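Peer 1: Heads up: the protein sequence lines correspond to chains A and B, in order. Those letters in the first sequence? Residues 1 to 1021, per the working numbering, in order. Those letters in the second sequence? Residues 1022 to 1458, per the working numbering, in order.
Note that these hints are calculated values from the structure, not bench results. Quantities reported herein were computed from a predicted structural model and do not represent experimental measurements. Note that the Cβ used here is the ideal one computed from N, Cα and C, for glycine as well. Don't take each hint at face value.
[As the list claims (entries may be wrong)] Capping the alpha-carbon separation at 25 angstroms, the derived lysine to any residue pairs in SDA-like fashion look like this:
hint: 1; chain 1: B; residue 1: LYS1455; chain 2: A; residue 2: GLU924
hint: 2; chain 1: B; residue 1: LYS1337; chain 2: A; residue 2: ASP764
hint: 3; chain 1: A; residue 1: LYS977; chain 2: A; residue 2: GLU322
hint: 4; chain 1: B; residue 1: LYS1337; chain 2: A; residue 2: ASP974
hint: 5; chain 1: B; residue 1: LYS1308; chain 2: A; residue 2: PRO324
hint: 6; chain 1: B; residue 1: LYS1442; chain 2: A; residue 2: LEU973
hint: 7; chain 1: B; residue 1: LYS1338; chain 2: A; residue 2: LEU973
hint: 8; chain 1: B; residue 1: LYS1455; chain 2: A; residue 2: LEU973
hint: 9; chain 1: B; residue 1: LYS1337; chain 2: A; residue 2: LEU328
hint: 10; chain 1: B; residue 1: LYS1253; chain 2: B; residue 2: ASN1128
[What the hints assert, rightly or not] Only part of the chain A face toward chain B is listed, based on derived beta-carbon distances under 8 angstroms:
hint: 11; residue: PRO105
hint: 12; residue: LYS857
hint: 13; residue: PRO993
hint: 14; residue: PRO996
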Amino acid sequence: MKKILSLFIFCANIILAQTFPAEGIRSNQPAQHALINISVYVTPTKKIDNCKILISDGVIKDVGENITIPQSARIWDCAGLTAYPGFIDLSTDYGQPKRPQPTAPTSMQQAMMMQQTQATPTRGSVYWNNRVRPENLASNNFLPDKDAAEKLRALGFSTVVSAPSSGFIRGTSAVVNLGDGNPHSQIINSNLFQHITIEREQMSQGYPNSLMGAISLVRQTLLDGQWYLKANSVYKKNTSQTKPEENSSLAALEAVVSNKQKVVFEVNDELNSIRAGSLAKEFNLNYLLRGNGYEYRRLSAIKGLNVPIILPVNFPDAPNVETPQLALNVELDALRHWDFAPENPVKLKNAGINFALTTSQLKDVTKFRENLINAVNRGLKKEDAIAALTTIPAELIDMENKLGTIENGKIANLVLTTGDYFVEKTKIREVWVAGKRFEVKAAPKVDARGVWNVQLGNLKDTLTFDITGEAETPSVSISLEKTKIKPTVSKMDGSNLILSFQGDSIKLKGVVRLTLNVEKNNLFGRGELSDGSEILTSATLKSSFVEKPDTTKPVIVEKALYDVVYPEGAFGFAKSPEQPKNILFTNATIWTSETEGILQNTDLLIEQGKIKEIGKNISAPKNTIVIDATGKHLSPGLIDCHSHAAISDGVNESGQAITSEVRIADVVNSDDMSVYRQLAGGLTSANLLHGSANAIGGQNQVIKLKWSLLPEEMKIKEAKPGIKFALGENPKQSNWGEQFNTRYPQTRMGVEQIIRDEFRAAQDYKLAKSQAAKNPNLIPVRTDLELEALEEILDSERLVHAHSYRQDEILMLMRVSDDFKFNIATFQHVLEGYKIAEEIEKHKIGASCFSDWWAYKYEVVDAIPYAGTIMNNVGVNVSFNSDSNEMARRMNLEAAKAVRYGGMSEEDALKLVTINPAKQLHLENKIGSIKVGKDADLAIWSASPLSTKALCEQTWIDGRKFYDRKDDEIAKLDVAKQRTELVQKILRTKKSPSQPSIPTPMPRRSYSYDCDGEVFTGGSR
Amino acid sequence: MKTLKIFLSIIILNLNLFSSDQIPGRKQTKPIALINGSIHTVTNGTLNKGTILFENGKITAIGESVVIPSNAEVIDISGKHVYPSLISITSQIGLVEIEAARPTRDNIETGKFNPNVRAEITVNPDGELIPTTRTNGILLTHTMPEGGIVSGKSAVLKMDGWTQEDMVLDAPTGLVVNWPNMTPSQSPFLRATEEEQKKERDKDISDLKNLFENGKAYQLLKKNGNYKTDLKLESLEPFINGNKPLYVSANSQLQIESAVQFAKELNLKIVIVGGGEAIRVSDLLKKENVPVILTDIYQLPSKNWHDPDYNWELPKKMYEAGLQFAVGMRGENSQERNIPFHTGFAVAHGLPYDEALKSITINAAKILGIENKVGSLEVGKDATLFISNGDPLEITSNVERAFIDGRIVDLTSHHTELRDKYIRKYEDLGVLKKKLK
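Chain B on its own, in the form it takes in the complex (with noise of 0.2 angstroms):
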């Protein structure tokens, strides 16, 4: 009973304390137009002084001399810079409030195999995580479930709406698949032998290899009709006919040769993710036109004898190569909102800055397969977009206005409020010696 209680007050807290006050943007209603920024289209260059216009939602307009309607709301942005969202594009935003508290973790469902299970589903429009997110840019994230082999169907999500629906921009957006590990791994709990481990592995990858075969062999009995339905099967349709891709976390070698050859035999678009070793087997993912998205690249190296400049490199050396890549990360979702600054540290060490502007733009768009849509700005594409007092790679710039499909972004967030009420307090203490900026 006790536990039971501890439990529910978990939960209340939980809705009391954890939900943002945040309110979505109102639908555009009338045409916005900023005017005399900086315009990064990042696919065809930076307009120094141009004006970008959008109506219902879509950017109508990009150039020097824009004809502004009459009815146009006309923002001047002097001085600022207007980039397309960037996109967070291994998220965990949705599915994971606070990691150390079980009751807001619906990231991982039990079971080796789920390709049933749908990332939008659990996604709570009021999570906290949201406002503080996209008050860095990232106005787009590719929320992935974690877990087991097949872990589940992810989803692209605008980070603003009443629902979950409002705010899905693209589902299912690709299967997520954790390859199993290729060597023997070492862990002082695991008691499998190396010959069990490499039994278990052969048997994950032969079950994966049965879960496709069966996928199609389902979907004839559909075509005939005489069939029972199998969520799990059912759901393959999009990934067997080679119409999604599978996101399939791969770091070793030999996890990223053993996976691509899998794609092949069974005829499946793939996505690496982690990508740590990708480097080298380039000219195979070369070839099988396999992009890469990275996303340990502010991680330690894993060996000592990796310099320690290793991972932040990795974005050079995959785009020297010729890779189709994006950078992303794993691990805590509240620091997904750093992203941008790992990609300008990869700058730092070699990766030209366009290039990095395009791994979290255009080039995580095209692999999500959500390119005519957003990741860059240009006529026709969705206007989410937003304004920044400068790069938005450098972490001493701020964004300043934000918009998703034409609307206004709040860009207020639980840390703003908490800023301006503590600030009310010093205030009337009279103890704040210099103002916030």
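Here chain A stands alone, though its shape is the one from the complex (with noise of 0.2 angstroms):
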């Protein structure tokens, strides 16, 4: 009696607990219901056989082999199947409006227009970039889609995690039931979780149009809203100054900045992964990540991050290798990662990274179970997977008291199969939502298989049907005697078995059509003969249908071929080189490029990654290894000081004439093979660079080509932060195309105004924000990293790369730095430099040059390939750079061009590519020359490096072999193995459709396309 009094106040609640007016009669359904004879996954380990579940009013009220049944609950007599716990996926743009698609661009004037288009906030006090949403709220959005939840109920999902899905910052997510009804009654938690992505857009439009600005922009907006919170308690206490502004955006972020509210970052590859951790510590954000199926490239960073992954299964379809021609557009990597997808998930268990799965990312969610049981084949436990579909999602969005598992209390949400979830032919019979029960696919009603005898009217000779296959599909063999037939229509229709054949050889003429209602037992109904006259056919069941126990192999599942390597597909390493504790190099011709010039026979030791001694004859301490170096030259590491390899995802951030706050270091793509390639010719350091689209650009990284290691990992932590400045055509948008005529600048006069306007308020900033910090009552600045980048310029802590080409815009930028003081660290290309080179020499001023390139555009006509030495003899510090993925692999070769046009002497020649770069960085006490405790940073060749015949040998960082022909001969054949394996085995093992023959490129590594490269968004040299 008590239990029925609280089930009765219970009701009252939920009506109670509504808003909307009743429209005609009130529905009031039976609420109560009691699943019996059922197997029930009360969690992801414990199962129950003929078990029963009590639901009322939407919610579990018990679950057990020997529970009370009230009298007044509808019975489910659920024999033969299983209920799990109803799944949660908590990464879907479920029931949200579809984000709009900008028409796609037909050309790349077009697209590059695009870029340069910033769509801008009309209405409301929200943020300035369009992009930046987060006080959307899931929940004000949400209207439930049919299709869609009957699509993902089909899977055996209930719950869903329904996120906005555009911008960089999206907005906040609700959990809601895949129920059917009002919004309202489905949304069971709203402003779960704020959604951000670094990731931008195929085909961006205004700012940001790089990942890099997509990161930067997210840092801004971080910041802004810890500023907002802190700038308006301030005026809180002193309203007597102005009020900072209004911003709904950037108050929706409280929450997040003061680490009250989850973030979810969603990021479509391992590196990003990595990156967004690392902008979540700098934040110390309470995060999820929203993974992409990469996470065993590098698992132990990801580990590292010790957050919890919403990964998708989304395994790719099998590249098209139909040909052999095909098979060759198809990179290592992206065989690799057919082979290794479904063993994402394992790999993660097994790393004891917490996971829950998703549909997120599959391009047809309905291949989610079939995947995910392709996991399952290949090592993920089946407890694992549902525990990571039910308990651990539950337990991230704070609801395990309410999801997950089927227990007292919790929501009525299961999933009734025939089976185990994990065998392909188990059915989803229904999903309960809410104490809701939405059919998948009923069972049949009828079944009619057996074997029959089968009367037609009073025809004297009896048939005989046999009516095997599935009961909703059946599939009939009629015989008579010895003659067996088929049907030409054999099929179901309701409780109706139709079916027609051709009747002359078992006695019957012409085609006979018959239509059988099925009872148990018995077949009756009428059909036709082919002389129109009907007959009344009854049968009898002869004999039950006997499942026959399943024959088919069972699949044979092929684990991956091979061991990760770092970075994954081609040339990658098992595991990074090894720094032996010393290395003696024996009778070599050493390159100093320092004072000693070229030493002939003679020995260099390294200890522990550093240059030890230089010397005739040096003994070697005990367990050296020694190298001979007999005929060999051994130069220093070569340095690129303008480089834009191993850049992910955009060169240039060309969304603004200024970008003064994007950084090249979070962006550092360890994976480029251009950093193996120009490894194999002898370089070593790298000046990453933002490209020239702006007259203030992007800030650089300098690191070491370190290939198989994080791009944290490559970075030279001594470097002097850097910036890119840009003056002449390309800031000026000259060689973009004609309709580019509203940025400003777009006259070199105008470069060196927005030049001296940002340095004014940069100044004006400093004095400001000085004044802020001494008194409390006052509103903070609020931080602007684009200005912030200009004071350190200001404060000589931030090094000026100036590209430029013309002799007066290099003479401009002298004397605005003249009137600022601050000191420019290289022109970069400074192709008329030469015309100029006193004033330089003056200034101290590197200059890092191309050595021969010219008369590709109109700035570069007075260009000349005597420029490099022309300055060196004026006195200035002159480099080779490369500004080409190309060019980098042969920086030695560029050097000898001094030799040729101006005659520089070799050891001055090799200057240019070793010591004069070093120096250009302020890193001449780390790298660039062979001297004692400096890092062992080397390039063996065969010959005079400046000759065409060398060929560089070795490389070493830091005392660690980087590169050797040798290896790269075994790694050549090896690479030619696995891809012949490979190809094998997806010709063997083939289930899913192929990719079209246009592969797929993995996510930014391929380098044949880039829509941010250099001619793309305004180019770099």
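Reassemble the complex: the two chains are provided individually, in unrelated frames, and hints are given to aid placement.
Peer 2: Written out as structure tokens, the structure is:
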């Protein structure tokens, strides 16, 4: 009695908790259900057979073998069914408005124009950038979507997190059930997570249009959020000052910046996972990652983030290898990824990474179960898979008391299957959402299978029907004595079996059609013979259908063929090169790039990555690795003072004329094949620069080419921060196309003014900050990352690397630097620097130039190959740079051009790519020459490095060998072998369809096309 | 109006600033004898201390003891080296002056089929790229139009002369064809589906076939005297008759196979240009006797799974497979002067040195069908040669003198003029710490 009373109270609460007026007659359907004779996964690991579940008003009231079922409950006999807790998907855009797709551009010009056009919000006090929308509430835009709900339920899902899907900072999500009815009844938690991505859309519009721009925008917004909170609290205490601007977007970020709301970072590859992790750490955010399926590539780094992952099972289709020619276009990392992807979940599990599974990132959501089964076949434990769909997601959304298991008091979300979810032929029959039953695939109502004796009217022969196959799609065989025929039509229509067959061979003329009602042990109906006569037909069951034991061979599961290498793909290393304690190179010709010049027959001792001793007949300590370098030339590792290699997703942020806030450091790409190729040419360090689309561009990053290591490990920590400036045709958009005529600046006059204006603003900013800092009652100055960078230049903490061509603009920037008292570290390219060398020398600015490029655009008509030598001979520190992933493979040969053009000594020529660029980067105490105490960054050459006949045989960084021509020979063969084996594996095991013959590039690994590349957004050189 | 002004000003600027001041060499009036030098004949070995004599623009004697006419100008080149002109075999010189400045681009005519346009028509003898290229020993270029399926007719140019007519060594040298992509390609702006791309490819090939079939029919009509002039069909004559080759850009195996099959079917002579995957079909190329011009050996490998040396090793592999090949480059024509160094780097990657030198001299000349005039130092051939202080495939050596048809070539250029101008500046300022060599 007490129980019934409490149930009654509960019912009343439901009614009272709704605001909708009744429409027509109120519906009060029974809300008490008892599921009996059912196997129940109460939790991922605990299964009870022959169990009962009592549901009342959408909530599980009781579960167990011997529970009491009230008489009022509707009984559901679930014999043969298994119940799992309803699955939870933490990353969907279910019920959210479809994101607007910008019209794709049809030409490069159009795409560039799009990148320049900023759509700005026109109403409301929202953030200036229309892709920062933290105030978006998924619950405000939510509308249950019948079709989508049906699709998700068909996979077993009952609850999802519905999140806004466009923009960088997207807004907050809601937890919703996949039932029907109004939005209000389905939302079970709103304002859940703030969703952020650093992935730009394929064809992005306005700022930001690069990955580094996106990261900068998120960083700036979070800073703005912190500031807004502080500014308003200061203002509340002291209102006799101008009120900080009203900003509803920043107000919405309060919970995030004060660590009260979790953030989900949605990222598309493993490097972006790591990047998002760094950003989260920078702001001490409480966060999750929506992963991508590439986690296995950098598993230990991902593990190090110590963060739960919402993990997709977006395993790729097999690459198209139909013909040997098509296979040539498929990269090894794509082949390997196809092989590895289904093992990503188990690899994460084994590494101890907590994850929930999601349908996100699947092109076709219905593939979810097939892929998950594949993952289970490849090693993921079933209970772990169930947990990743139930208890883990429930915990991650702090709803473990409401969702995730089949236990008393939980929302009645259940999946009913015909058996083990991870067996392909198991069917999902129904999904219960908050106590409401949704049929997915009903059990067949009738079953005609069996062997029947069939009497056609009063014909004397009795036919035999042998009906097998599936109940919904039976397969019929008709026989008379020894003659057997197959009907041309045999199908079920409701409870009718429809047959049509050619009867001549069984003594019936022409085509016979039958419509038979199926009952248990009885078939009865009418038919028509070929002469039009109607016949009554009846049949009796001779023997019942017996399901044949499954004789299909179990799928042979082939584990991934190889181990993961670093970076994944061709020429990756199984592990990073070791650093031997001591290495001795003996009897080499050593190009010191120091005053000692070129030393013949000399030894070089390395200790713990540093140069220990240079000299003749050095005696090696114990356990030294001795390398006989007789006949070889040994030079410092080469340095490229202007590189755009190893940068992910966009070298230019061209969305604004000044982008000093963007940082190459955020987007170093350890996996760029250029790193390996340039190592093979003796290059060991590179100054990674932003492109030249803007007068003041982004911040640089100096790296060592440590192939196999992580981006963070490649960075030279001691390198002084720098920034790219650009003068001349590129920032004024001269070669972008006729329609690019509005962005400021369009002239060299404008370039000068915009730079001056920015430095003026930085001075004001600095002053304002120091004033505000002195008075806690004043609203603090908002941290402006753009001006921070300029302030660092003014404080001599950031080096300027200025892309420049003509002498007038070179002189101009020197005058600006005189006025604002900042130092320029280098002029980059500086093609007409030779015309004004005395001024460059006076200012002690380095000249980092091309050896002999010219004539490709108007501002290089006076570029001459003698420029390097002339400037050198006037006393300027000159280096030769590549600005090209191709040329960076042979910087030694570029240096040789100074000998040809102007007769520079060979010794000095090599300095153009060793110690001179080191000086320009303020790293001359660490790299760039062979000198005791410096880093052991070395290249070993088969002949003089200035000869075209020379090959780089080994490349060492910090006393670790990162390239060896001999190892490369082996790797080359290994790559070929792997390709063959993987192609064969695809041909052998392919079940999924092939990708089209145009291979889909792996994310950010294809250098062949980068829609944000040099030419695309305003160039670099 | 404003646009027109800008347009005109660009043209005027170009005329003023971008035309060379070098004066073409005078016709050879008396014999010249280069004595005591290393004579690298390319075809008949090297004379370590020999004499080469040329008269009226032709080589008249080479040997260790050559009788020197009394009126000859004798130049002692002890310690120096003589080489035949290097050839830039897939050149854009003459057609493009500054890539980014549209008024200076004459390389691509509109439309897909332009067999009638002629490269030599648009060459500006005062173009600045001519002097800067020849100073590296490249005295001959095979200049090729670009674009479409049939780009136009190519010509071999001498890098000196008062008019473009002075400069022509051979024209037409060949018909430039770009073979359609055989496998669908991806570009973010390409709206065509895979099927549409394949359809277009098949149409292009059948249009190309039609062009030649029509050309044949046209020739028959012409014999009968019953025809109206069609410039495009008219221009096909030397190619239909198999006298001159088609220079077919084809990189992939399928492109090469398709092009070779096409030529065989129509009985045309072809040369493969690009040839990235030529090595994969070496049996076919050998059987059909099709030469290949490698143009991308200095470029990045097109696939990540290619090893770093992949393209550098192509010449070696071509040589080992016994294929007839030359080395050229495409891309920026201001970089053509670096072809000898690219070839030198191929030596580092296994190509025998002599083969490297041949690939930019005699083998290139043979492919171009001009080997009776140039490509090696032989009696009777043009005195188009240069003197170097070292191996021309080494960057660190320099060309000291050059002759085209026995005419002395001015080795100064826009570059040396600017160099000298600014050295004057620094000398006057007293800041030049070291003289340039």
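Peer 1: Now, for every hint given, state plainly whether the structure supports it.
Peer 2: Okay, the hints, checked on the actual structure:
1. LYS1455/B - GLU924/A: Holds, at about 24 angstroms.
2. LYS1337/B - ASP764/A: 63 angstroms, violated
3. LYS977/A - GLU322/A: Given that 25 angstroms is the threshold and the Cα spacing comes to 18 angstroms, the pair holds.
4. LYS1337/B - ASP974/A: 21 angstroms, holds
5. LYS1308/B - PRO324/A: 22 angstroms, holds
6. LYS1442/B - LEU973/A: Not OK: LYS1442/B and LEU973/A at ~54 angstroms, beyond 25 angstroms, violated.
7. LYS1338/B - LEU973/A: 16 angstroms, holds
8. LYS1455/B - LEU973/A: Judged against 25 angstroms, a Cα distance of about 50 angstroms means the pair is violated.
9. LYS1337/B - LEU328/A: Within the cut-off at roughly 21 angstroms; holds.
10. LYS1253/B - ASN1128/B: 18 angstroms, holds
11. PRO105: 7 angstroms, holds
12. LYS857: 4 angstroms, holds
13. PRO993: 14 angstroms, violated
14. PRO996: 6 angstroms, holds
Checked against the numbered hints given earlier, the structure breaks hints 2, 6, 8, 13 and satisfies all the rest.
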